[in-house]
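Participant: Please work from the sequences and hints to get the whole structure.
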Amino acid sequence: MATKLLGERIKRKEDPRLIQGRAHYVDDIKLDGMLHMTFVRSPYGHAAITSIKTDAARNAPGAVAVFTGEDVKGKLGFIPCAVEMEGLKVPDHPCLALGKVRYVGEPVAAVVATDRYLAADAAAQVEVEYDMLPAVTQMEQALESGSPLVHESLGDNLAFVAKLEGGDWKSVEADPSLKVIKQRLVNQRLGPLAMETRGVIASYLPGEDTLTVWSSTQIPHLLKTQMAILNKIDESRCRVIAPEVGGAFGSKLNVYREEGVACFASKQLGKPVKWIEGRRENLAGTTHGRDQIDDLEIYVRPDGRVVGLKCLILSDMGAYHQLLTPAIPTLTALMILGCYDIKNVFVETKGVFTNKMATDAYRGAGRPEATYIIERAMDIVACELGMDPVDVRMKNFPAPGKDIVLATGVSYDSANYQKTLKKVLKLSGYSKLRKEQQRMRKKGKLLGIGLSTYVEICAMGPSSRMPAGGWESGTVRVEPTGKITVLSGASPHGQGEETSFAQIVAEELSVPYDDVTVFHGDTAQVPMGIGTFGSRTTAVGGTAIYHATQRIKKKMARIAAHKLGIKPGELVFEDGKIQTKDGTKSVTFGDVVQEAYFARQLPPGVEPGLSELYVFEPPNYTYPFGAHVAVTEIDEKTGEIRLRNYFAVDDCGRILNPMLVDGQVHGGLAQGIGQALWEELIYDENGQLLTGTLMDYALPKAHQFPWFETANTETRTSVNALGVKGVGEAGTIGSTPAIVNSVVDALSSFGVRHIDMPLKPEKIWNLLKHGAMPEGTQHDS
Amino acid sequence: MKIRIKINGVWHENDVEPRLLLVHYLRDVAGLTGTHIGCETSLCGACTVLLDGDAIKSCTVLAVQADGGEITTIEGLASDGNLHPLQQGFWEEHGLQCGFCTPGMIMASQQLLVRNPHPSREEIRRGIEGNLCRCTGYQHIVKAVEWAAEHSGK
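Just so you know, the protein sequences line up as chains W and Z, in that order.
Heads up: the first sequence begins at 1 in this note's numbering, then just goes up one per residue.
Heads up: the second sequence begins at 782 in this note's numbering, then just goes up one per residue.
Take these hints with a grain of salt, some might be off.
Said to hold, decoys possible - Below, computed lysine to aspartate or glutamate pairings styled on DMTMM-like, alpha-carbon distance capped at 25 Å:
#, chain 1, residue 1, chain 2, residue 2
1, W, K445, Z, E903
2, W, K483, W, D575
3, W, K11, Z, E927
4, W, K13, Z, D835
5, Z, K924, Z, D835
To be verified - Only part of the chain W face toward chain Z is listed, based on derived beta-carbon distances under 8 Å:
#, residue
6, K11
7, K13
8, M659
9, L669
Hints listed in this document are in silico derivations from the structure and should not be mistaken for laboratory results.
Glycine included, each C-beta is placed from N, C-alpha and C at the ideal position.
Facilitator: And the structure:
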């Protein structure tokens, strides 16, 4: 019997280099003659640049060059926005500021020197004079007439308006039996905070006229195209390598100014140029996540059946569009009904420019916001109607097992939301928890139980609905020695696909797992691909590899059949052999490989060699779902929240490696819980970033989490041959509302219906101290 | 300034600027890039190494302060081609994803286990709270350290 690999807990191929300090992240790469670049950045949220004096910096010890916006103007292109949307305003986005700065941390000048210390010294000698301008950092203020304008040429701060409508609102609004509940929800701005900051090395060789770029990126192929365009270099002469990448979470799914300037500098100077981002630069100048204000109206029948949802979304773009900035809130609108069959929907989304860093994808990218809206809505309905949150959810789920088209136009496949909810209720001992809560309340103790039942849109995605292609390439090459090389156009950076992809190929070919090696990230080695984001790498990239493997099998079976004098259809791959089903006739895997390369007795029409490329175009997204329960205790004296238990049941389709799935869920939970309880990027009214270091930005630590109790259900999708849905973002999407629902539940006896995130102790303390209403004024479940 | 530092059992002698950070010395001068830089402000722990047996954050120590000292980095943890129990534990228990925090996390855990060979889960969480990880949610790191505690000295 062949070794079973798919579905097994298999240790990672990535780890030996990582646990021994032998991996190579961008900053670990050194090239001969390499120069170091640092940036002079705006200290103001909004200001006119009146002069830049660079002479002293140019003459500083070790300094090689200084570049300003004027120096690169016309020579270095603008940062692209890939989103096409009716009426979308896209301001020019130069790599170095021209005339004006629009957010704290905006690059104003680049200084290149022989080492990183001397580059920093020289940068301190650049003198920039500014005239401060009034800044605008609040979206509602930005939309008022007379507000400071982030981009004067656009006339106002409104980047776009998008509407999504479905159902029959006339009858909803005419129905007097419906209760209308209004609520404002604020989804605060977050920092993605990958542990490895961004970094880039650009190496232009004047003799060869080639540009090689090492960048800590999720999208090496797309970056190659963009660097060629920005720097006006023939794309055939460009190569991008994403080496080891130390986390990204969406923040490296972009084309950044610093990448453009590094390439420009290397081209100008004919030497390699390295830039490594500092943590303060990372907080100020790497894309942020979330930042929405959502005004919600819920139309509900007295029995808890929700018939309509209206939402006005204000989404903060920041000062410029990055690659996908305006697309993120459109995913919120698309997923706003969550896993509920609500027949009527109306969403109006406004994108707003402010004097802050651009927002863009951050783990979940628009879907955590949607899930937060709908899952808070369900609990608010439960609170208003005095129902159990479980009952409200059960009442609004679609019937299990059916494919369903929602009022938003989204079509979910393989839905069974009852299954995950029932499983998490059992896992958490929900009814016992409710009884415990009653007992605790009698003693004056605050215990909260919070639910979240989510569905997400993953495996991005069908190209017809993606800004720049949603397919993925997979290449499988059997080398003459029988070792197998797998190349993925996706670009994982911690998710573990060097392992799971090898599992797919080794099991399909029935060869040793150790014989398979997966590479990704180098555009010179790997055929064109899209990248890693949107929980797509296994579902789309893995499926491409699965199909490429099928092509290899087909070819090998033809060669084997020719050797054995039988038909290819009679053959199976078994333990390093290609044999008839009864095992009576066989050739070894190695013999067939040798024949493919020596090509002495190939069947007619078969090309020599054993390398197959498959480009998988997914016919639809996938829709993983799950149910989470969070149990919190609140110290009524201090307002401090203790997350006591966390239970998560996720359905990500077929599981290829349960260890990797658990890892993805845990990491996602930590980020979602982080948003609910601690994390927040705060700008003051002048556009100063007040949480610009790890001292001020509350990145979660080990002791702040309970032991996560996780489980899965496995409902395979029919969208791809593997049945895999994707799991990278599930934990983040599911956990944020579960936590807030839990804390609000704990405080419900005080008349609390909603609290905005993050749920800092002082907010809770103030509510208990000043906002508290006598017990019993609201429902007490 | 001339300094002499023993790194992973080998003495290194160099003439360095007084302002050179130890982490830059290790990475750029000694060529040991396994120690990472995550924040330059001793808040993330990615740069944790052992200096004379104590876990320190090498981004806020000057190279000259380590003169005469003995340093262990992640590259010096395995011996005779065998992974250290912590390295093995992180591999067995999926204690890492992107791997960037891992060297610092392992070095901090090493000191934790020296001081407390059989820590509880809570003690492990407290023991590594100076080291940030954005990928794992920490639970598998806790299990990795437990694995190492169970398998140390065997």
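Participant: With a cut-off of 8 Å on the beta carbons, see whether M659(W) makes it to chain Z.
Facilitator: Cβ of M659(W) sits 5 Å from chain Z, so the hint holds.
Participant: Straight-line Cα separation of K445(W) and E903(Z) no greater than 25 Å?
Facilitator: Judged against 25 Å, a Cα distance of about 24 Å means the pair holds.
Participant: Could you grab the alpha-carbon distance between K11(W) and E927(Z) and see if it respects the 25 Å cut-off?
Facilitator: 17 Å, holds
Participant: Would the hint on L669(W) stand, with a C-beta cut-off of 8 Å toward chain Z?
Facilitator: Hint holds; L669(W) Cβ to chain Z Cβ min 6 Å, cut 8 Å.
Participant: For the pair we were handed, K13(W) and D835(Z), check the Cα-Cα distance against 25 Å.
Facilitator: Answer violated: K13(W) to D835(Z) is near 31 Å, above 25 Å.
Participant: Given K11(W) as an interface hint, is the shortest Cβ-Cβ distance to chain Z below 8 Å?
Facilitator: 6 Å, holds
Participant: Do the alpha carbons of K924(Z) and D835(Z) lie within 25 Å of each other, as the hint requires?
Facilitator: 23 Å, holds
Participant: Would the hint on K13(W) stand, with a C-beta cut-off of 8 Å toward chain Z?
Facilitator: Because about 10 Å separates K13(W) from the closest Cβ in chain Z, which is outside the 8 Å limit, the hint is violated.
Participant: Within 25 Å, alpha carbon to alpha carbon, are K483(W) and D575(W)?
Facilitator: 15 Å, holds
In terms of the numbered hints stated before, the structure departs from hints 4, 7, listed from lowest to highest.
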